[in-house]
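Same order as they appear, the protein sequences are chains C and G.
Position 117 (the first sequence) corresponds to 117 in our numbering; numbering is contiguous.
Position 452 (the second sequence) corresponds to 1452 in our numbering; numbering is contiguous.
Be aware that one or more of the hints could be misleading.
[Claimed, not checked] Within a straight-line C-alpha distance of at most 30 Å, the following computed DSBU-like cross-link-like pairs (lysine-lysine) qualify: (1) Lys1036(G) x Lys45(C); (2) Lys1276(G) x Lys1440(G); (3) Lys219(C) x Lys1062(G); (4) Lys1201(G) x Lys1214(G); (5) Lys1047(G) x Lys227(C); (6) Lys1574(G) x Lys56(C).
Keep in mind the hints are simulated off the structure, nothing from the lab.
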Amino acid sequence: MDNTKILGILYETIYAEHGSALEMLAACKQAKSSSLAFGYFEHSKDEYNHTKTFRKILSNKTSGINTSELRRFRITPQGLIRKGYVSQNGYLVENMSLKNFIAYVYTNELLAESSFSKIVKLLGANTEEGRSVMKIMEDELRHHGKAKEYFLRYFPFLQPWQLSLYKLRESIKNKGRKFYHSNIALLEHIFYPLYSLFALIISRLLKSLNLKEFKRSNKNLMDINYKSIL
Amino acid sequence: MFIGISAYNHESAIALVDNNGNLIDYYREESLSRIKGDKSFPKRALKRIFNIHNLNTDAIEKVIFYEKPLSAFLFPLKEASKFIPESMQLIVNQIRNFKKSSLSCYLDIAKEKPGLEKKLIYIDHHLSHTLTTLFYSDYQNDVCSIVVDGFGDRSTTSISYVRDKYNIKELWSSSYPNSIGLYYSSITDFLGFTINEGEYKVMGLSAYGDSNSKEAKLVNKLMKWDSFNNKIILDLEFFSFYKSITDSYGSKLISMLGEPRNPFAKLLPGDLTFQKYANIARGAQDSTNNVLSKIFNYAHSITRSENFLFSGGVALNSASVNYISELDFVNKLIVPPSPGDSGAAIGASLYGYLKSKNVKCIEKPSLYPSNYSCYDQYEAISKLLDKNYILVTDNHIDSIELACRLIKEGEVIGTIISNSETGPRALGNRSLICNGANSKSVKKLNNLIKDRSPFRPTAPAMKKETAYKYFELNPAVMSSYKTMTATCKCKKDSISLSFPTTHVDGTARIQIVEEETILWELLDKLIIEGIDIIANSSLNISGDPTCFDLIDGLMVCSITPLKYLLTDIGMIKKR
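Please work from the sequences and hints to get the whole structure.
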């Protein structure tokens, strides 16, 4: 696999881990008990450390790639929202019941562990980088176990098969998300001419629009109509 | 009550002004979401303001949005439409994302607080900035306001004359895309730093550059002041931000300056390419200083004013603030603590108050307006404190004494003390502090805890009499020294030139601490021990916003070598 593809995977993983760190931090702040707050704090701390590890690996993989290509892999905090790793509607804990949230953590940690095993294969299990990712995998399994422990403690009437159902639901959702993203390029390709045509019409209209009318020169800014959006 | 909102372009924020014209609360959304530069609609800040003050929508007289949304949407689109087909992608993107623009403010408010949207009004973007600065100024009549940013809702730079708070007349403006802010951001991008985040790195880097170098001269030429037509002229052939969604600079800039910097490579003084990039940064800083001085000159010539309000994102450039303050005709230069867009929410809320029926006077706001107390989270984190930390003492006086002893021993301490600053500068309540004359401590703060680039200095905080002892203070910007918005030079042959908080060009972004603050309390004791300078940097993990609450502070402790946290509940030590 060429280096830019590895960079692409690491780039997405950094966002995913940073997003998880923030999700867990938000959960810690909203926790109703100090035990839960402690658990989420520790989880968030691990995810922050994972982010740092993946960032380091990404930096190490950039040699020999030209700068204009590398600019695509710059990590910005804004990308968390833009790329959907943190929802525009808020953190999961702000929008989910505690039960669903714990089930989400339980499932996703397991899924993360399995996707990291693919990264280890790419990096090489005997490399220093591969070993640090394997350590992260151990963390993810521990988080999964903790979530299960919490789940059974707070919702003792739930049966193991119900947890399996949650896992299945999240797996389908993740697969759906992947399918959507892998096909979005095709959809873009199909719809882009339509968007472009629309943009062309708008730009023609804009060209004829005289915005100089709205100049404020020599006007008292305090007297401008505050109901107007222009 | 009046709520001011800024959002969708840069860091979003909400300000609350009461019926007596006092700023009683203010939050940046990034403080609560923990996403640096969060520009999404500030729903968490809005929710917190309603919860903390037990508000309902009836208690709010007006909600004031900090810009005219349709103007902000149309002006860049109209400019881009001149460059079709090159700009097609940008136009498509703008239209498809209109829901993430200011245009959706009304809908977002309606979604978060139904009924509140009926009280929504909109004001001119640069007026929001001017009113914010006026709030913090001792001069509220007959003063000239200069706003310089990337892009407002019509213009990129403007000059207004404030006869009084009801008579603010715009006299001159520079239209998009001729923008000092966007020019500086494009160079920031070329130098491998992130736009809207790395500009202060460029400022720090520029001190290493040489104004007479080839690179500096080339970059300097890209932006000029046309003194015949009184216009900012940007050589647009070298830039792409007005027609491209992905590139801020064009291929012509690459042909002229060579390859842009690898954003992942470490930039270390002494390295092979360091000087080239420092020279480019120097060129950007020189042209910014030069054009700003021309704008101030022009403003002086048309208003005869010697007192100026300066705001907008470019006013965050503390080196430029110092440069302008040295112009002959400048008597006073007032820069608010948060001159960028997030601070504009404060001006917007003030507008609502000024338009209400019972206006009295404007009270100068606190520098720590965001309400918080560590006691709010004490119970929730009791297990965390038990397991991972030790509450060394819960007595305030003992905590201060311990902090002083630790600072003297070379330790770095974090602070989470009551209300938070307006931002972006930490003034002591959300800071990392250590002995400002101890190189090892400052190095630990910078490299180990903050993971900062080695070319960026840390700010020194001190009492006024100490500042007079070491630095050449300019009376024109005395208020800026309280909020770290201006740099100043070390005195000739002064020992301060060797302080680790002094930059390579012999300047420092000093903070003169206010009385009755935590830094004042610490300095009171430290001065007896022979320490009169504290190095002060914001408490955060690299890439994250400044900490807001105790949990954020404990997180910094957990994942960095920081051991001590001075808080409302006492001194906390990592186990």
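Going through the hints against the structure:
| no. | hint | result |
| --- | --- | --- |
| 1 | Lys1036(G) x Lys45(C) | holds, 18 Å |
| 2 | Lys1276(G) x Lys1440(G) | holds, 29 Å |
| 3 | Lys219(C) x Lys1062(G) | holds, 23 Å |
| 4 | Lys1201(G) x Lys1214(G) | holds, 21 Å |
| 5 | Lys1047(G) x Lys227(C) | holds, 25 Å |
| 6 | Lys1574(G) x Lys56(C) | holds, 26 Å |
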